[in-house]
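Quick note, the sequences are listed as chains H and R, same order.
Here numbering that gives the first Met the number 0 is used: the first residue of the first sequence is 0, the next is one more, and so on.
Here numbering that gives the first Met the number 0 is used: the first residue of the second sequence is 0, the next is one more, and so on.
These are calculated hints, taken from the structure and not from any lab test.
Mixed in with the good hints there might be a few duds.
As the list claims (entries may be wrong) - With a straight-line cut-off of 30 Å between C-alpha atoms, the simulated DSSO-like cross-links for lysine-lysine are: (1) H:52 - R:120; (2) R:560 - H:335; (3) R:462 - R:560.
A quick note: this is a predicted structure, and the numbers were derived from the prediction, not measured.
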Amino acid sequence: MDSLQQVGEVVVMSKLTFREVIPTQKLSDEALQRLSALSVADAMRYFSGVQLKDYGGVGGVKTVDVRSMGTNHLAVSYDGIVLGNAQNGQTDLGQFSLDNIEEVTLYNGQKSAIFQAASDFASASSVYMRTRMPRFAVGEHTHLKARVKYGASDLLRTSLLWEERLTPDVSLSTNAEFMTASGKYRFRYRRKNLDGTVAWDTTATRQNGDIHAERMELNLHGMLEQGQWQLKGYLYNSARGIPGAIVNNVWSRGERQQDLNTFCQASWQKSFGERFSTRWLAKYAFYQTHYENRDTTVLPVDNTYRQQELYLSTANVVELLPGWSASLSYDLRWNKLNASVYNFAYPTRWAHLLSVATAIDYRRLKVQASIVGSYTNDRTRRNDQRNTDSQLTPALFANIYPFKGKWLSLRAYVKQSYRMPTFNDLYYNDLGNAALRPERATQYDLGLLLNRHQGEAHFSLQADIYYNKVSDKIIAYPKGQQFRWTMLNLGEVDIRGLDVTGSVAFPLTHTGANLSLRAQYTYQRAIDITNPATPYYRHQIPYIPHHAGSLIAGLDWRRLSLNYSFIYTGERWNAQENSQYNHMQPWYTSDLSAAYRFRLQKHPCRLSAEVNNLFDQQYDVIANYPMPGRNMAIGLEIAL
Amino acid sequence: MKKPFHSTRFTKSTSLYHKVDEFVPQSRRLCKPIPYLPFSHSILTVLLVISVCFSGCRQDDEVVMPTVTDTGLAVGSQYAGLYVLCEGNMGANKATLDFLDLTTGAYQKNIFPSRNPNQVKELGDVGNDCKIYGSRLWLVVNCSNKVEVCEAATARSLGHADIPNCRSLAFHEGYAYVSSYVGKVGGTSVLGSVYKVDTLTLRIEGQVSVGYQPEEMAVVGGKLYVANSGGYQAMQGKGYDRTVSIIDLKTFTEEEQIDVAPNLFRLRTDRRGRLWVTSRGIEGDAEHPSRLFMIDGKQVAQQFDLPVSDFCLRGDSLCYLATTGHSYETGVIDISTGNIVSRQLLKPSPDYSVETPYGLIVNPETGHVYLMDATNYVSSGWLLCFDPNGEFLWRTSTGDIPGHAVLLPKGIGHAETIPDETPASGHSKYILAVDEYVPAPGQFVNLMPVADDNDTPQTMAQKCTEAIGGGRGGLITLGAYGGYVTFHFDHPIANVEGERDFAVWGNAFENNAEPAIVMVSQDTNGNGRPDDAWYELRGSAHDHEQTVSQYQITYTYDALKDVPWTDNQGRTGSIPRNTYHKQEYFPLWLKGQGTLVFNGTLLPRNARLNGTTYELPSFDYGYADNRPNTDRQGCSMDIGWAEDGQGRAVSLTHIDFVRCYTAVNQVCDNIGETSSEIMGAEDLHLDLSLLFMEKYHFPKNQ
């Protein structure tokens, strides 16, 4: 089976609980391991429609933009609960290690199952990260696994996984990881004269990109009759340098950041008979970010931001008639942000979300409709106006198998969503604008999925065309006086695109090897249609390439597995105007990895080696943030 | 003054611009071969080919070329062009320099990379100020922590000075003063400072602490005035700075601070020696709005209830730009009366709109107004041009955030003198100061340097010092026959046996010599003034049969008319006006005396007609502005050539003063009168002069 296929749920549940209308893009355990990706962000690059904003290096911020709607429209969910960031609405996916992730799934629109939290209906797209669930063979009760990896930029990461079956129904898993890196790597910028001679050519070492990070996770999984529960504690602590932009005459900077992200969450889910299921979620999160600037040439900054979140949710689904079910979910979310910043607003937000959804499963047709109502209420300690907002956003999903069998399915959806202005947008001292409205996104999608099995070979193809429109886009805009900004609902983006993902897997019969291939291509035309009077009217929006794609090829032969992955991002522009001065070159990298499995005194081991950016391409994803050239790493994993 | 002066130096550089124009479309190259793949499977290859070739692969990053647009309007004036410095958003490394060629009307966007193709990462991050001093263009690049110094005529970099978080520029007597946010640290507050930079060596010579986050500066009466903003302080809740720091430039220490208003920003001096300061005020605080203040003698003398964000002085007119939110107002204050005489300098028209007005500059000669529009800060801005009546003429696209501009005077040549190390002695081989400047009438008089009705012989000498002193390579005109300039060095120049002793630089080039006779003098009475006996250096043409010794000419003032003259040879004539230069040709600061009388040696006319073009070949040797500066020997003088008024050779051990005067009395139809120009002078053997000085215990000149 190709790893991109649906993985069967482990827990036997009511059929109501996992009824997805539209298939998704997924990378699971084995595929993730093959990619030798460091973080979830690196893995996300292999999904179609996704653009990664990568500031380079181990510690560089990595955020993801799906179908050009902007990072803030993406909900990131960790073991079933959305990771909130009321401060800036963005999640740095570079902070999430792939070490213990079993599955990363991307849903355009929403996860098209109606048994889910109200928040899950609310975003324009979502990525779900799921940590490893312990699985024990008969008679097994302990798993211990140690991993170590050493590579370029003095990267050292070690991790330990301990899984224990406490009772037949309850298991424990803990995972601890430590990572350190100097973040130093060589980069090169070069310019040529028009006659081909070198105008300048400079090589330097990336400075102030060092990082150390510790992550601890503790999970308790329990089985119920027709249900399950989970308790999770998470702690991430890191300190890093922020390398900053490389500009003329400036080669290093002094910004530092320390993050302490902790949360604990609980979920409880149970079905009552075949016709009713319920799920309850609770979470408390505390994020602390300490930012300081030690560069004596600029404003001395030493700020600490403390963010808290409390989240409660219930989701309930009932089968009204065979093939017709309905759900009702309610979420309550409370956010608070404190900071040691002068004239800070100290905002608090209460958000209520209520969703009603229904699903019809009639022969070869599946249809889902949902509507989410939200009510948000902000308060600040300053005299900002009290900000309340309510929204109603519907979505409709349909999937049909036009022919007998399930080898071909056609799907379509239309969805409205919005993103709330973040605390920074609304209240950040001079910049914020408390009068902002939410930014809205409307999506239309039409797609197909083709699946063929022939003996041991398997072939699948997914293709979608889509049209999105983002309006009331929240952007920073001049305030009128000398270099001051404010946030405004000013901006409209028209996005048309095509996503194609194909995969094929087959045995090479004469050798006993297995070959799998996966290719993905994205075309996007995302143009700014805000104002015909501007010079960038109908220009491609910044950092969105027209063409992007990736390719993964894996070969398994006995104990050896080889993987080659290729990523391509076409030309882009780093500002609104698609002029020669803002033009960014395409970039494409090839990564190669090999793993060998063996036993060391009966303990299964896995030795791996990787070369990333094999052809040593010197490129920027974000202008003036150079990416690492060719780099290598080796790793060892032992199961005890 | 001949016409080629008008065009030739600049056609040299404009020809470069035209070349540049052809390169605007970026060349596209064929894709490189597909990289070698470790798998040779056909499907893989096919997929890869598809994935790479649908859009193209990387090309070499090439030096970006300017984009040239035609504004359709050439403006004849003493200015060759307008440099516009565009800030570029922070971290974007998009500070760009644009150039409006006033002689052709062409607007060249982003000229720095192609003029300086070897500069790593181009001009840098966030341009914050630009000014021209002498022959050099100074560019403050804030987030690149440097001040880039270029040849003004070409924008070619000569080097840079590293100054952290630098903001604005001021100049005085061979030094640049750069305000910087970086200075003394006190807890979480950092006082700002002013750096002193030698304009020749670009070396930092000193640093003085001022208030918080200093912005613009100006020099009045040997004192440097600095507007302190306190922007960082306010962000930390400690309130804005409200003061102007006064720095004594002799001791380079902060003398006192004047309390003005919170968040000061612009600070400029007017022709009456007063200061004009703007405050940006406190946002959201109605009691402290943005305002304009006039400071006279350390006191706030007048306050204008206008939120002025930028202004430009033109004579007694202060043209201002005031902004509130997204609305703006332009107007004029008569600084002689302190009255707002217009609140609509620029007339509204449906032909244009301004999104984020960010800067304003006025051509002081023609009155054209240029307004800079920063639009949304992250895309290209606009430069708008208005005629002197405020009627909109044109607009053109600029780099990101145009906010700073400087006019490039004509006649600033390529600096032949490149910065060299100041000798350990602390002496300079260049002119220290100009003592007298008495040009004869001419088409460039009152323009090079600029003069107005309020100028005096002293202020004009000072302006000449600023132009040609210290190796700055500016240009001054001596006007028609007899006009002269007298200058001295910071030491006597020794007469070294068998060697040329000093050089005088002009702007002569092939067939364009406008010779000036060079005179020398010793300060025998020791009063430091050039009032002693003068000796003429005998050049090659002194022996010519047509050379007239003891020649005398008298010019008579006739306002804005051809200037008539009579001489002691019984001839009369005039210096005719032309259409290129419309200012008064008689030195304005001397018109009170009605006539100008000059005595000296008259060299023969050197002009000849070749077809329809005048050629002015040079004499062999011994004159200033006679040979091109590249002909070092041809520009060099030997004190041994000195002779007295009767033609007798004199032997001088050293000289203290040098004088140059236009030595030909000729008018060549369309190119006008022949008038010498001086760009500077240089002691050719500083070490020997200093040795001489030490030996005879000469004090250092002031």
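Comparing the hints with the structure gives:
1. H:52 - R:120: Holds. Residue 52 (chain H) to residue 120 (chain R) sits at ~22 Å (cutoff 30 Å).
2. R:560 - H:335: Violated. Residue 560 (chain R) to residue 335 (chain H) sits at ~79 Å, over the 30 Å cutoff.
3. R:462 - R:560: Holds, at about 25 Å.
Going through the hint list in order, the structure does not satisfy hint 2, though it satisfies all others.
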